[in-house]
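Residue numbers (this note's numbering), protein chains in the order written: chain H, 48 to 444; chain U, 48 to 444.
Any given hint could turn out to be false.
As the list claims (entries may be wrong) - Straight-line Cα separation of at most 20 Å, SDA-like style, residue types lysine to any residue; simulated pairs:
no., chain 1, residue 1, chain 2, residue 2
1, H, K305, U, R195
2, H, K305, U, L296
3, H, K305, U, E350
4, H, K305, U, P326
5, U, K159, U, R399
6, H, K327, H, G354
7, U, K305, H, V146
8, U, K305, H, P392
9, H, K311, U, V300
10, U, K305, H, S355
11, H, K311, U, E301
12, H, K137, H, P57
13, H, K305, U, P392
14, H, K311, U, G303
15, U, K311, H, G268
Since the hints were derived computationally from the structure, they do not count as laboratory data.
2 protein chains.
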Amino acid sequence: VQIIPSKGHPFVYGEILTAGPDASTLLFYGHYDVQPADPLELWETGPYDPTVRGENLYGRGTSDMKGQNVACFNAVEAAVQAGDLPVNVKFLIEGEEEVGSPNMHPFLEANKDMLACDVSINPDSGMLGKEYPTINYALRGLSYFEIRVQGPAVDLHSGMFGGTVLNPANELARLIGGMHDENGRITLPGFYDRVREMDAEERAELARLPRTDGDFLEQSGSPALWGEAGFTSIERVGGRPTLDVNGFLSGFVEPGQKTVLPAKAMAKISTRLVPDQDPKEVYKQMVQYMEEHANPGITWEVEYMSGSPASISARDSKYALAMAAALETVWGTRPVFYRVGGSVPVVGDMQRVLGVDSVLTGFGLPDDAIHSPNEKMHLPTWRKGTAALIHMIYNLA
Amino acid sequence: VQIIPSKGHPFVYGEILTAGPDASTLLFYGHYDVQPADPLELWETGPYDPTVRGENLYGRGTSDMKGQNVACFNAVEAAVQAGDLPVNVKFLIEGEEEVGSPNMHPFLEANKDMLACDVSINPDSGMLGKEYPTINYALRGLSYFEIRVQGPAVDLHSGMFGGTVLNPANELARLIGGMHDENGRITLPGFYDRVREMDAEERAELARLPRTDGDFLEQSGSPALWGEAGFTSIERVGGRPTLDVNGFLSGFVEPGQKTVLPAKAMAKISTRLVPDQDPKEVYKQMVQYMEEHANPGITWEVEYMSGSPASISARDSKYALAMAAALETVWGTRPVFYRVGGSVPVVGDMQRVLGVDSVLTGFGLPDDAIHSPNEKMHLPTWRKGTAALIHMIYNLA
Numbered sequence: 048v049q050i051i052p053s054k055g056h057p058f059v060y061g062e063i064l065t066a067g068p069d070a071s072t073l074l075f076y077g078h079y080d081v082q083p084a085d086p087l088e089l090w091e092t093g094p095y096d097p098t099v100r101g102e103n104l105y106g107r108g109t110s111d112m113k114g115q116n117v118a119c120f121n122a123v124e125a126a127v128q129a130g131d132l133p134v135n136v137k138f139l140i141e142g143e144e145e146v147g148s149p150n151m152h153p154f155l156e157a158n159k160d161m162l163a164c165d166v167s168i169n170p171d172s173g174m175l176g177k178e179y180p181t182i183n184y185a186l187r188g189l190s191y192f193e194i195r196v197q198g199p200a201v202d203l204h205s206g207m208f209g210g211t212v213l214n215p216a217n218e219l220a221r222l223i224g225g226m227h228d229e230n231g232r233i234t235l236p237g238f239y240d241r242v243r244e245m246d247a248e249e250r251a252e253l254a255r256l257p258r259t260d261g262d263f264l265e266q267s268g269s270p271a272l273w274g275e276a277g278f279t280s281i282e283r284v285g286g287r288p289t290l291d292v293n294g295f296l297s298g299f300v301e302p303g304q305k306t307v308l309p310a311k312a313m314a315k316i317s318t319r320l321v322p323d324q325d326p327k328e329v330y331k332q333m334v335q336y337m338e339e340h341a342n343p344g345i346t347w348e349v350e351y352m353s354g355s356p357a358s359i360s361a362r363d364s365k366y367a368l369a370m371a372a373a374l375e376t377v378w379g380t381r382p383v384f385y386r387v388g389g390s391v392p393v394v395g396d397m398q399r400v401l402g403v404d405s406v407l408t409g410f411g412l413p414d415d416a417i418h419s420p421n422e423k424m425h426l427p428t429w430r431k432g433t434a435a436l437i438h439m440i441y442n443l444a
Numbered sequence: 048v049q050i051i052p053s054k055g056h057p058f059v060y061g062e063i064l065t066a067g068p069d070a071s072t073l074l075f076y077g078h079y080d081v082q083p084a085d086p087l088e089l090w091e092t093g094p095y096d097p098t099v100r101g102e103n104l105y106g107r108g109t110s111d112m113k114g115q116n117v118a119c120f121n122a123v124e125a126a127v128q129a130g131d132l133p134v135n136v137k138f139l140i141e142g143e144e145e146v147g148s149p150n151m152h153p154f155l156e157a158n159k160d161m162l163a164c165d166v167s168i169n170p171d172s173g174m175l176g177k178e179y180p181t182i183n184y185a186l187r188g189l190s191y192f193e194i195r196v197q198g199p200a201v202d203l204h205s206g207m208f209g210g211t212v213l214n215p216a217n218e219l220a221r222l223i224g225g226m227h228d229e230n231g232r233i234t235l236p237g238f239y240d241r242v243r244e245m246d247a248e249e250r251a252e253l254a255r256l257p258r259t260d261g262d263f264l265e266q267s268g269s270p271a272l273w274g275e276a277g278f279t280s281i282e283r284v285g286g287r288p289t290l291d292v293n294g295f296l297s298g299f300v301e302p303g304q305k306t307v308l309p310a311k312a313m314a315k316i317s318t319r320l321v322p323d324q325d326p327k328e329v330y331k332q333m334v335q336y337m338e339e340h341a342n343p344g345i346t347w348e349v350e351y352m353s354g355s356p357a358s359i360s361a362r363d364s365k366y367a368l369a370m371a372a373a374l375e376t377v378w379g380t381r382p383v384f385y386r387v388g389g390s391v392p393v394v395g396d397m398q399r400v401l402g403v404d405s406v407l408t409g410f411g412l413p414d415d416a417i418h419s420p421n422e423k424m425h426l427p428t429w430r431k432g433t434a435a436l437i438h439m440i441y442n443l444a
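Use the sequences and the hints to build the structure in full.
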């Protein structure tokens, strides 16, 4: 075991490479950092004073994700104590996941040989319910822009000029409005050309997931659902690309009124991407959309702020199947395969730098209150998870 | 002459009612307040140290509008000294025009009898050029709204929910985009029903004005002009209604990026109105537009913040004709009749409270630098203006 310094919190690395060069090598990923515990007064027992009440262990990090790390340690230890470990094992535990893993990419680049493996086992993504062992096999990518529009040279009096020059806020609103059609589809030219469609089998799998449109409605608090026609909410969030305004600013936004015709308007817009969309290509599509639709009464620029491609792991890889079989053995039910709408940088980093997929799973539950007071780990689920990890190891023997 | 206190700066009132009850009564309007003089270092001579250089008198308020007031005093004094004044004369000089005349309306209400008159002569609106004696006969009205839209109950993660709930910023943008059609016409239902169209004679008069589309382009600094199809810039600004976003705010607008799906979006939107549009009816049209077009994935409200109707004065009233003839006598050219795009509250207040039109004229020039350093009054023009006011008085004899 080594503790390896970085510009931020150090990395912890350990390995057991006794299975020999022909055996599979698993890289268990984890993080030891946690979210702040405040507000402290809402905790029934101290966040760093782990306490069992009923079936749960309460404390900061129990679910996200020290408990998950310990499940991995325990599984490997059980296998070591039972005889020869049938796989090579590496552990990489970072300390900056909750702040976006800013030092992960250079660390992977600098330690490619040490970290060489066949797959990453990432137990940081939880379950959809305690009866639903879960494997997350896809994450969406991102392409993030800032669009800046200028109309007149300076703010003008809306009475003296209104109606004879184009208002950049009106125009940017119109342009954004046109970025979706009446079916909720995105109109950037060529936007869907590289979108990998879900086949009937995958859609049937997603339909098994225990998360209904009603759940999305309730969890969002929106008055009604919305989205691309022809898809369920779970498909829209996991398997379809989106375009959202993250911020919009123009003119006078304090309380009261001012009859200004603003000179400028700005919007931050991000697209969530699915395989095989390319973030920089989407940027070009955004620029092309603006070229084709912007009125000459404004000037504009689109800044590409960041981007990362979507990632998808084969659901039928040797490792995904080994984990799926292990989960089914322990739970007695076939696991659900889930697509996650967000992005997890470390997964993409490992794909790009180490060339390996991640098997994303975990034994946290939706009501574990991660990032909140009274975070807990459901111990019976955690023990089943530990057992499943042991089965996975032997499924790869 | 009386100095009459108000909640703000006092009003100055004076009268000469020697012409008797059958003669016309003119109410000369003026204001004695001025804009701040800073930045002081840009003045060639002190702002309150009036200085003649060449044909101009330099100093704060020379053009806006103490010089105009003095032209009126001199004209009346000349007539008084020449013999019997053929009209009754009242003067009302306020001290809060530059801050929107907040105490004018109650003052008029409280002093209706004292201020009773046949017409208000308002020399605060300037000329389009020194060879163009000008009468402004129309001002646009206003109806100002704030639209607040809510999607999800709280800000959401754009990865976890993006694509399955309606983004309120996207939706508000789409709704605003739809408020104009491809011809630059406003799509609020019934918006043009009460718009009084300009006839061919009026449009021909406006076409005489020495302000071209090129002037609007240059003065605005916009890359191109824009507006309602079928109208010139001068017609669009003076004689057609408009709808402008004055402010738009949603989500994260600081530098950098945040993948938030915002819960709320807000826009301040104002319409400039022409006769005979009704500000509160336009509010109802905005509400109806929202009812007809807003997606059920958001809730919304439209707040009516303020409104005032447009005003228009007959170009062929006895008083307008008297002023026009006077200007033509002095300049040797027929005056231009101009529609102003902005709103002047005192004109509407006088129409509503005293029941009188205003004849808006004045002898300030576009390059007088009002509100700026080195404000000046062009003395030859000012002397001609004084002469025109004298002629007007005798034209009403």
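Status of each hint after checking the structure:
no.: 1; hint: H:K305 x U:R195; result: holds (17 Å)
no.: 2; hint: H:K305 x U:L296; result: holds (14 Å)
no.: 3; hint: H:K305 x U:E350; result: holds (15 Å)
no.: 4; hint: H:K305 x U:P326; result: holds (17 Å)
no.: 5; hint: U:K159 x U:R399; result: holds (11 Å)
no.: 6; hint: H:K327 x H:G354; result: holds (7 Å)
no.: 7; hint: U:K305 x H:V146; result: holds (13 Å)
no.: 8; hint: U:K305 x H:P392; result: holds (15 Å)
no.: 9; hint: H:K311 x U:V300; result: holds (13 Å)
no.: 10; hint: U:K305 x H:S355; result: holds (15 Å)
no.: 11; hint: H:K311 x U:E301; result: holds (15 Å)
no.: 12; hint: H:K137 x H:P57; result: holds (17 Å)
no.: 13; hint: H:K305 x U:P392; result: holds (15 Å)
no.: 14; hint: H:K311 x U:G303; result: holds (18 Å)
no.: 15; hint: U:K311 x H:G268; result: holds (12 Å)
Hint compliance for this structure: no hint is broken.
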